[in-house]
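Novice: Chain by chain, the residues run as shown.
Protein chains: 4
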Amino acid sequence: MTTIKNFGIIGGDKRQLYCGKSIADDGYGVYVCGFEKCDETLGLEQSDIQTVCEMCDAFIMPLPATRDGVTLNTPFSENKIFAEKDFFVYSSKKPVFAGMKNKLLYQSDCIYDYAAREEFAVANAVPTSEGAIECAMREYEGTINGSHCLVTGYGRIGRVLSQMLRGLGADVTVSARQQKDLAYIRSFGMKAVRTSELPNGFDIIFNTVPDRILDAQTLAKTAGGSLVIDLASPPGGVDLVSAERLGIKAVQALSLPGRVAPKTAGIIIKNAVYNIIKEENL
Amino acid sequence: MTTIKNFGIIGGDKRQLYCGKSIADDGYGVYVCGFEKCDETLGLEQSDIQTVCEMCDAFIMPLPATRDGVTLNTPFSENKIFAEKDFFVYSSKKPVFAGMKNKLLYQSDCIYDYAAREEFAVANAVPTSEGAIECAMREYEGTINGSHCLVTGYGRIGRVLSQMLRGLGADVTVSARQQKDLAYIRSFGMKAVRTSELPNGFDIIFNTVPDRILDAQTLAKTAGGSLVIDLASPPGGVDLVSAERLGIKAVQALSLPGRVAPKTAGIIIKNAVYNIIKEENL
Amino acid sequence: MTTIKNFGIIGGDKRQLYCGKSIADDGYGVYVCGFEKCDETLGLEQSDIQTVCEMCDAFIMPLPATRDGVTLNTPFSENKIFAEKDFFVYSSKKPVFAGMKNKLLYQSDCIYDYAAREEFAVANAVPTSEGAIECAMREYEGTINGSHCLVTGYGRIGRVLSQMLRGLGADVTVSARQQKDLAYIRSFGMKAVRTSELPNGFDIIFNTVPDRILDAQTLAKTAGGSLVIDLASPPGGVDLVSAERLGIKAVQALSLPGRVAPKTAGIIIKNAVYNIIKEENL
Amino acid sequence: MTTIKNFGIIGGDKRQLYCGKSIADDGYGVYVCGFEKCDETLGLEQSDIQTVCEMCDAFIMPLPATRDGVTLNTPFSENKIFAEKDFFVYSSKKPVFAGMKNKLLYQSDCIYDYAAREEFAVANAVPTSEGAIECAMREYEGTINGSHCLVTGYGRIGRVLSQMLRGLGADVTVSARQQKDLAYIRSFGMKAVRTSELPNGFDIIFNTVPDRILDAQTLAKTAGGSLVIDLASPPGGVDLVSAERLGIKAVQALSLPGRVAPKTAGIIIKNAVYNIIKEENL
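Protein chains in written order, with the working numbering: chain R, 22 to 303; chain Y, 22 to 303; chain Z, 22 to 303; chain B, 22 to 303.
What the hints contain is simulated information worked out from the structure, not anything from laboratory work.
If several chains are the same, the list does not tell them apart, and a pair holds so long as it fits within one copy or across any two.
Quick list of in silico lysine-lysine cross-link-like pairs, DSS-like style, CA-CA up to 25 Å: (1) K114 - K299; (2) K270 - K58; (3) K201 - K299; (4) K299 - K212.
Just chain R, same shape as in the assembly (with noise of 0.2 Å):
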């Protein structure tokens, strides 16, 4: 129903290229550009930046866009793009479709943000959940099958995780605020606890609650023993210092998704910018 016929992929990693190559299966046009130091693009066809800017109808921007607010963000080239006078200048008025659009400095009404979409985040638990999973079934000296865990916080990705968790015949005790997301976790047949009232006891804690609520005292009284994954974003939940001091190994797993499923990652990029086009009338 779009009127889009191409689009561009500019900068980022290899969940952008995931994402070119699955808008790339889907029948449209589709070209890259920012990704000379890799090896392979997934079939899709590389190009300047301008080129690219005249060819397409519409841009896809990397998660962040940008880290320095002027360039935009591509690890996988030696050359920089800057946002404005590079990229912003050529592709005037067409759409954009950028993760954390608000860390560029230059802004302007055609850039949609795919990132700041709650249908993105949730389906990102999944990939964050994999990879917590992963982590602990790397880091843990038992199987996660039989093994007691603990999940602090019943938000996205505490649904996701735990449910993942109770698949793999783990015994799972999750842990909220309100006696609503309680009588969920019951509902599905796991253990319910008060974050406030954590006991001890488990073989493998997964914080994803974005708040220092494993300090020094809650590690001591909660985490003896326990191997301690922390999904939050930075500063983390976890006192790791104290975890640290206490002989209590903890362990930080950021930025799962690109990491541990590209494929997924970018599949969930192409979804939102879908879901803007189609909202948006694009």
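Assemble the complex: chain R is given as a structure, and chains Y, Z and B must be docked to it using the hints.
Specialist: Positioned in the frame of chain R, the structure of chains Y, Z and B alone reads:
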């Protein structure tokens, strides 16, 4: 932590008896009133309304507390208990926990509504879902296992019911309006469709949406050959007249918690009451 | 691949009609006989026994084929069909698929027993398990979700039923005699106990073992306060007399596939018949 | 009930240490030998072989007990322990539990093989399945959730692995030869196919069959675009040379329990040893 020593259970059905029984098992005194026609009261002591008002420090009314606004809802008694002159004049100032308290003409600050709490509604999604499954097992000539099921709506009941159906080995599709819910549905290994674009070919359709989404046109397009179970409160989400005209078997399944699992429903009332006591420091 | 063009369904209950219906949906001709009292035959054409014998290349008899050894099992007809003089003299040499063929006094090389096949028994564990769950939902005053369930025996029904109960969110314990089965049970996230060392404290006990394992002593020790559902064929695994004396509610749930899911049970018969046709090159 | 007071752990890898640790946690004395190069022995006391032989009433050998038939398998030691002259002359008549005891040239009535027990093999299907999933997570660029997985074979590993994959939200197909296994597979909500008729279109193929079922022709027909993980012991079920020629990524994943979950693998050894002790009244 509460100062309440004795609870009075005033009217209601088996749920209230199981609620009282579970409170008694926790060590409190429990007196019941309004169950003369009930053949057994789970070992709870029956008294007249005045004695109960005197003996007890808190009272639990039925769900709904009243049907006519004036007398309490006492299906197991032939004697009317007038809310105001029989009860409130004697219980004055002591806390009263009622279901749908707004239906009572008499109001007071010491009446708390357990049925208005979200964890109460979430917890009741469990007996409602099991009741829906029992209904499907009774009405459908095949097994749930291996059948193609559609659950419309991903609210409280949709979330719990869809997981249970999958747990029985059904092939489950869930419809929702919001993209984020579609993402959650997929994350649990189920198929997700927009409520506005329902496909057909289902053996059983469970409606949880309280809007008339299964009107004549949608029934004709989606539900041919299906068993339709409507879980939405009256007027319901299914056009029953059109269903009959179209030769589609449609069943209304209402008030399931009290009918299929009074014991669990009673414990859910107890838990909501306890949560109120804790939050209000009663 | 078979030369069979028309199937005759001779007697039986709704399962046989659904079996015939499913065969007709696969493109074969289907004629039924012995359903005069049935209000609807799912669109299948009724004929007298001689016509059916002439028209058809293969015949499907009920399960069991006969109760008295001499006449066919035709609960939906008032006319007796004598196996030998009414049927076999006319059908001679054409393949006949019967359930429990040993019960027939008349025997012949062209009679195949679909009910003796293991995949038939395994597939019927599904409707049996669902029937057991429906029975539990009807008889137990709480929800299966959150209840403590014991399944005795880890044969066909035990394997399927325990997974379904877990899928509904029950806390499931399974008993078995062999260490290897205990290992399987644990691998699926359930508790495993020796059949000889049953603990107590269960809300619902499902017996699948065809030995009298729930005798008076075991009932007294294990089943106080439980609902007991006996799925084992007569004489069953539960001492019902002692159960009643001990005040334990015990229910026999027999012949579940045909009663709770005739459609699925009929398709299971069809699949077994098809497997015989393939293996025997009929 | 046993008269054994002290167990000697003679050689092996981390599994044996975890086995010993778990035995020590049960209250027995435990002495270990052959772990000089191991940086930590989980708090277990190291001794020389003669002391251990004297102090202990029973001994646990590695899995496999020996690689050359003559010396014990001691990867964490540079000193050779000769089975006969270093160990059996001192331990004589006391029970010895060995993995794959047939590989030992020296044989005696008091050697029991824990690895030959079926519950040992079943229990090890759990760490093997998790190791396979960890491997898939590492090698596959998408998520397991939502992926199309084929598990060939429905033996011990097939049964456990397929349930775990479904628990992660994969779309799971399992192949088997026997009709009864196809019926079991369907009963758990998964797709069942004949091993001789494998379809294609899978993201990940897990082979559990110890025959060369994925030969060049089958790979070409079934596995194009798939990641293939071979769990069968050498020579394995996958023609790796043809896979490489066809551009199909194939990975051998062997000896998983000891590598991915030594703690669980050690407890599985302990449980098998305890079962032998009980059965043999040692």
